[in-house]
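Chemist: Since the structure of chain A is already known, use the hints to place chains Z and S on it.
Listed here are the chains, written in short residue letters.
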Amino acid sequence: MSLERSDVEKIAHLARLAVSENELDNVASDLSNILDLVEQMNAVNTDGVTPMAHPLHMSQRLRDDAVTEDNQRDHFQGVAPATENGLYLVPKVIE
Amino acid sequence: MQEKSISELAAGLRAGEFSSAELTRFYLDRISQHDEKLNSYITVTEEAALAAAESADARLKSGDADLLTGIPVANKDIFCTNGVKSSCGSRMLDNFIAPYDAGVISRLKGAGAVLLGKTNMDEFAMGSSNETSYYGPVRNPWDTELVPGGSSGGSAAAVAAGLCVAATGTDTGGSIRQPAALCGITGLKPTYGRVSRFGMIAFASSLDQGGPMTRSAEDAAIMLQSMAGFDERDSTSAQEAVPNYLADIDADLKGLKIGLPKEYFDEGLSPEVAASIQEAIDFYRQQGAEIIDISLPNSALSVPVYYVVAPAECSSNLARFDGVRFGHRCDDPKDLEDLYKRSRGEGFGAEVKRRILIGTYALSAGYYDAYYLKAQQIRHLISDDFAKAFEQVDVIMGPTAPTTAFGLGEKADDPVSMYLSDIYTIAVNLAGLPGMSVPVRPADGKPVGLQIIGNYFQEAKLLNVAHRLQQETEWHKARPATFA
Amino acid sequence: MQWETVIGLEIHAQLATQSKIFSGASTAFGAEPNTQACSVDLGLPGVLPVLNKGAVKMAVKFAHAIGAELSQRSIFARKNYFYPDLPKGYQISQYELPIVGEGQVDISLENGDSKTIGVTRAHLEEDAGKSLHEDFHGMTGIDLNRAGTPLLEIVSEPDMRSAKEAVAYARKIHQIVQYLGICDGNMQEGSFRCDANVSVRLKGEEKFGTRAELKNINSFRFLERAINFEVERQIDVIESGGEVVQETRLYDADKDETRSMRTKEEANDYRYFPDPDLLPVEFDQPFIDAVIADMPELPGDRCDRFEQEYGLKRADAEAVTASRAVADYFEEAAKIAGDGKLTANWVTVEVAGALNKDGLDIAESPVNAEMLGGMLVRIVDNTISGKIAKQVFEAMWQGEGDADAIIEKRGLKQITDTGAIEKVVDEVLAANPDQVANYRSAEEKKRGKMLGFFVGQVMKASQGKANPKQVNELLVKKLAE
Numbered sequence: 001m002s003l004e005r006s007d008v009e010k011i012a013h014l015a016r017l018a019v020s021e022n023e024l025d026n027v028a029s030d031l032s033n034i035l036d037l038v039e040q041m042n043a044v045n046t047d048g049v050t051p052m053a054h055p056l057h058m059s060q061r062l063r064d065d066a067v068t069e070d071n072q073r074d075h076f077q078g079v080a081p082a083t084e085n086g087l088y089l090v091p092k093v094i095e
Numbered sequence: 001m002q003e004k005s006i007s008e009l010a011a012g013l014r015a016g017e018f019s020s021a022e023l024t025r026f027y028l029d030r031i032s033q034h035d036e037k038l039n040s041y042i043t044v045t046e047e048a049a050l051a052a053a054e055s056a057d058a059r060l061k062s063g064d065a066d067l068l069t070g071i072p073v074a075n076k077d078i079f080c081t082n083g084v085k086s087s088c089g090s091r092m093l094d095n096f097i098a099p100y101d102a103g104v105i106s107r108l109k110g111a112g113a114v115l116l117g118k119t120n121m122d123e124f125a126m127g128s129s130n131e132t133s134y135y136g137p138v139r140n141p142w143d144t145e146l147v148p149g150g151s152s153g154g155s156a157a158a159v160a161a162g163l164c165v166a167a168t169g170t171d172t173g174g175s176i177r178q179p180a181a182l183c184g185i186t187g188l189k190p191t192y193g194r195v196s197r198f199g200m201i202a203f204a205s206s207l208d209q210g211g212p213m214t215r216s217a218e219d220a221a222i223m224l225q226s227m228a229g230f231d232e233r234d235s236t237s238a239q240e241a242v243p244n245y246l247a248d249i250d251a252d253l254k255g256l257k258i259g260l261p262k263e264y265f266d267e268g269l270s271p272e273v274a275a276s277i278q279e280a281i282d283f284y285r286q287q288g289a290e291i292i293d294i295s296l297p298n299s300a301l302s303v304p305v306y307y308v309v310a311p312a313e314c315s316s317n318l319a320r321f322d323g324v325r326f327g328h329r330c331d332d333p334k335d336l337e338d339l340y341k342r343s344r345g346e347g348f349g350a351e352v353k354r355r356i357l358i359g360t361y362a363l364s365a366g367y368y369d370a371y372y373l374k375a376q377q378i379r380h381l382i383s384d385d386f387a388k389a390f391e392q393v394d395v396i397m398g399p400t401a402p403t404t405a406f407g408l409g410e411k412a413d414d415p416v417s418m419y420l421s422d423i424y425t426i427a428v429n430l431a432g433l434p435g436m437s438v439p440v441r442p443a444d445g446k447p448v449g450l451q452i453i454g455n456y457f458q459e460a461k462l463l464n465v466a467h468r469l470q471q472e473t474e475w476h477k478a479r480p481a482t483f484a
Numbered sequence: 001m002q003w004e005t006v007i008g009l010e011i012h013a014q015l016a017t018q019s020k021i022f023s024g025a026s027t028a029f030g031a032e033p034n035t036q037a038c039s040v041d042l043g044l045p046g047v048l049p050v051l052n053k054g055a056v057k058m059a060v061k062f063a064h065a066i067g068a069e070l071s072q073r074s075i076f077a078r079k080n081y082f083y084p085d086l087p088k089g090y091q092i093s094q095y096e097l098p099i100v101g102e103g104q105v106d107i108s109l110e111n112g113d114s115k116t117i118g119v120t121r122a123h124l125e126e127d128a129g130k131s132l133h134e135d136f137h138g139m140t141g142i143d144l145n146r147a148g149t150p151l152l153e154i155v156s157e158p159d160m161r162s163a164k165e166a167v168a169y170a171r172k173i174h175q176i177v178q179y180l181g182i183c184d185g186n187m188q189e190g191s192f193r194c195d196a197n198v199s200v201r202l203k204g205e206e207k208f209g210t211r212a213e214l215k216n217i218n219s220f221r222f223l224e225r226a227i228n229f230e231v232e233r234q235i236d237v238i239e240s241g242g243e244v245v246q247e248t249r250l251y252d253a254d255k256d257e258t259r260s261m262r263t264k265e266e267a268n269d270y271r272y273f274p275d276p277d278l279l280p281v282e283f284d285q286p287f288i289d290a291v292i293a294d295m296p297e298l299p300g301d302r303c304d305r306f307e308q309e310y311g312l313k314r315a316d317a318e319a320v321t322a323s324r325a326v327a328d329y330f331e332e333a334a335k336i337a338g339d340g341k342l343t344a345n346w347v348t349v350e351v352a353g354a355l356n357k358d359g360l361d362i363a364e365s366p367v368n369a370e371m372l373g374g375m376l377v378r379i380v381d382n383t384i385s386g387k388i389a390k391q392v393f394e395a396m397w398q399g400e401g402d403a404d405a406i407i408e409k410r411g412l413k414q415i416t417d418t419g420a421i422e423k424v425v426d427e428v429l430a431a432n433p434d435q436v437a438n439y440r441s442a443e444e445k446k447r448g449k450m451l452g453f454f455v456g457q458v459m460k461a462s463q464g465k466a467n468p469k470q471v472n473e474l475l476v477k478k479l480a481e
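Chains as they are written, first to last, in my numbering: chain A, 1 to 95; chain Z, 1 to 484; chain S, 1 to 481.
Isolated chain A, as found in the complex (with noise of 0.2 Å):
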């Protein structure tokens, strides 16, 4: 599997990745170096297996509905690029 550098734009922009210019070839050939590496798995026949998205079979734990967090807003904005009035800041967003 080979992929185009038009392939990475599209992905880096899906994953909101700035990839420069004159990464792009590079890039691309690495991606389809790992990709040539993973297809190794077509040559296995999988009709009928289950997918396993947990190495335990285990079933969702539910917690009680209380309420157990205080407000730690001050803390937690000391590590924040940017806030004012206890808001996060961001570029504007156009709706």
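None of these hints come from the bench; they were simulated from the model.
Any given hint could be a false lead.
Claimed, not checked - Listed below are the simulated EDC-like cross-link pairs for lysine to aspartate or glutamate, each with C-alpha atoms no more than 20 Å apart in a straight line:
1. K130/S - E84/A
2. K254/Z - E391/Z
3. K334/Z - E134/S
Remember, it's a predicted structure, so these values are computed and weren't measured experimentally.
Modeler: Below, chains Z and S without anything else, positioned relative to chain A:
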């Protein structure tokens, strides 16, 4: 002093031979003396460590102490530590002072361990050589031109060089076992769910598992005793009771059934490593164990499956690093998209980006079935291979890594060849089983690790098997001369 | 040409849990920004979700209420996209294997018929935060208090054929979730949100037309108007030779129109996959049985019961069961009063009128169910007449105390002493000899109306306090003499 085991140190602390403050000072001095050569620590928390040592001394006096009380340990920088930079080896989190403690950190603090600092690692635990760290590569204490393995390379190097008594690591595809093997120490990846993932910065959620990296199986047992256990903040945390890992650590191995998968001794395995592994297996045979040839037919597929599953999960797990609430934010974003793309583009290194891109691709419309779903199906087959094997044997043995430590930069430009260095460890993560690496006879002066794989929640058995070897042989006591 | 409208609704009901779906932060509305966003809601590195049992129970109740199949095993999935109000870069939702499978609800149409609307599925997911667009030096502010609030997304089949049907269905779901106590139903605060998938096709056509998804609708009235506007718009597009585009459109209540949302991304590719931090949700029968045993009575069942137990007419029973709060109010008052019909009448006329006049909700009524019941008892036991009761009710509404206190204070107690009433009757008859003569000479069938005059006079003379029934009987008797 740096040769003493945890139980020896615990005894010394109780006998008043030295205080935790003195012991901590000793290790802090070693770090400042030696770490320049290794780069194994990202952050050393000297003040906090000395304060913790004082509390530990008080606790020891009061008689209410744990085996780990007052023992200086180091934590992989993937574990969030309240008030301490928790960078995960990434520029993205270079400015991130964690506002809370990971489950593992809380437990170690609760036991009274002295936390020396945070160890270097491959960025977001993605790597097998510790060369992807934003903070520069870690060097192998046995030969500083070699890699220590990864991703828990800082912890492995620090333990091997005696820059801490023990350390924590995490293992998603071999990240505890492979560096343990390459640095000549003991590393244990517990059963998935045995150690809380809360506060452990996620790489691939269904594979990640924290565990101890130590100089002996006995030390690993003591560390795991503190680290393991149910955590209500982690939905995937197992509610299984934690046994006393020291109780049967010395049990006789007569009749133990050891499976040797033929796929782990194929042409990819270097002959020197094979010879050392064979010697260790002979030891077990002499101990009365029964050696059985087995097959794990889908082993070879574990690497391809892993490089779909792990990147897919990571592409989603790492989406939260967006420059909004914490972490790196680019200068003067011109709009929202620019904020995302540049913050992430600048904050992540090349390997992390590669995996995010592969994972994004594998989950995207039109490719999900061919990649992600297919990988999850083969994951099931791989897991079934182990289940069948464990109907027949008690433990599975083989090499941890196909070669000894390779040179810095040797594989850095070839992601695929780097990925193949985890060929023997990855399947264990896919199945969620516990696995261990213990040092055996070095090859050409370089450490070699024997991998021991157990059935679910059989950590005590693995520790027992490893401990018996370490009772009868000296391999685990070999130390790099430079750091004596 | 004859056009047919096809509508399906996606309703997001915020579940009335104390804490969030995956964290222990409070869900209370209206807190200071980001004071109810804990480390899990913020998506800090390393934190993990743990599912709220309360939210799961609520989904189980909803499944039972609409006769839907409950998935014995359901899976949470991640829906991946970047947006500042979505802290983790993905929303935890359900994709394959939602918790609630196919069900149905019946709606009443205007012509009195009923129609069954299919519910395709309902699934649990987390709500996003809010973007605040006031100006922060050209920046947008993000408040994540709402992030992680549990939602039940209820997806209907495209079974509705008019805006009115869509509203009737939405109201029905609204009534059910409120009855179940799983959603407060407050549309202004966004606790109950409707998105409408609207398309048109020629009558008789089997294939659906291209649909538009309408968002930002925060009342039933707007739902109706938005759909009607959109239907007109689509018909116009097609009739003028154009094609309807599949898109998301925002309803603008001020302009009463829908407009296209600039697509944030050329094509959304959400890359759903099972959330590896969460395990399959599996139920055992005892859990389900316990949840069902704990369920409140549903509106339809309650309506039937009120008809039988309190002897209400169907229309009255429906009126007092329209909302759970009114039904609870009615039932408490009726139990005290001991007369269901009388209570239903008061609840639907006097109470409803007074609430409407003051713009209050039943929960805010100055006359609570106990007070109303206490007053109705006095009608039933003849202490006061229905007419006097209106005075008493008005006084209670003004906060003058309970019925007995007002009756006592104002001396409104009905006169039931036959001697006393007879005295007044005699006085009235003596004072109106002409009318008495007219009555006596009138035909039997005209007398009824004429009697009213005497009753009125007697009531007036007694300041309304004479027992009307006794007055009637005495008058008939005396006039016949």
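Chemist: Next step is simple, just say for each hint if it's right about the structure.
Modeler: Tested hints:
Restraint check for K130/S and E84/A: the C-alpha separation of about 15 Å stays at or below 20 Å, so the hint holds. As the CA atoms of K254/Z and E391/Z are separated by approximately 18 Å, the hinted pair is consistent with the 20 Å bound. For the given pair, K334/Z sits about 18 Å from E134/S by alpha-carbon distance, which is consistent with the 20 Å threshold.
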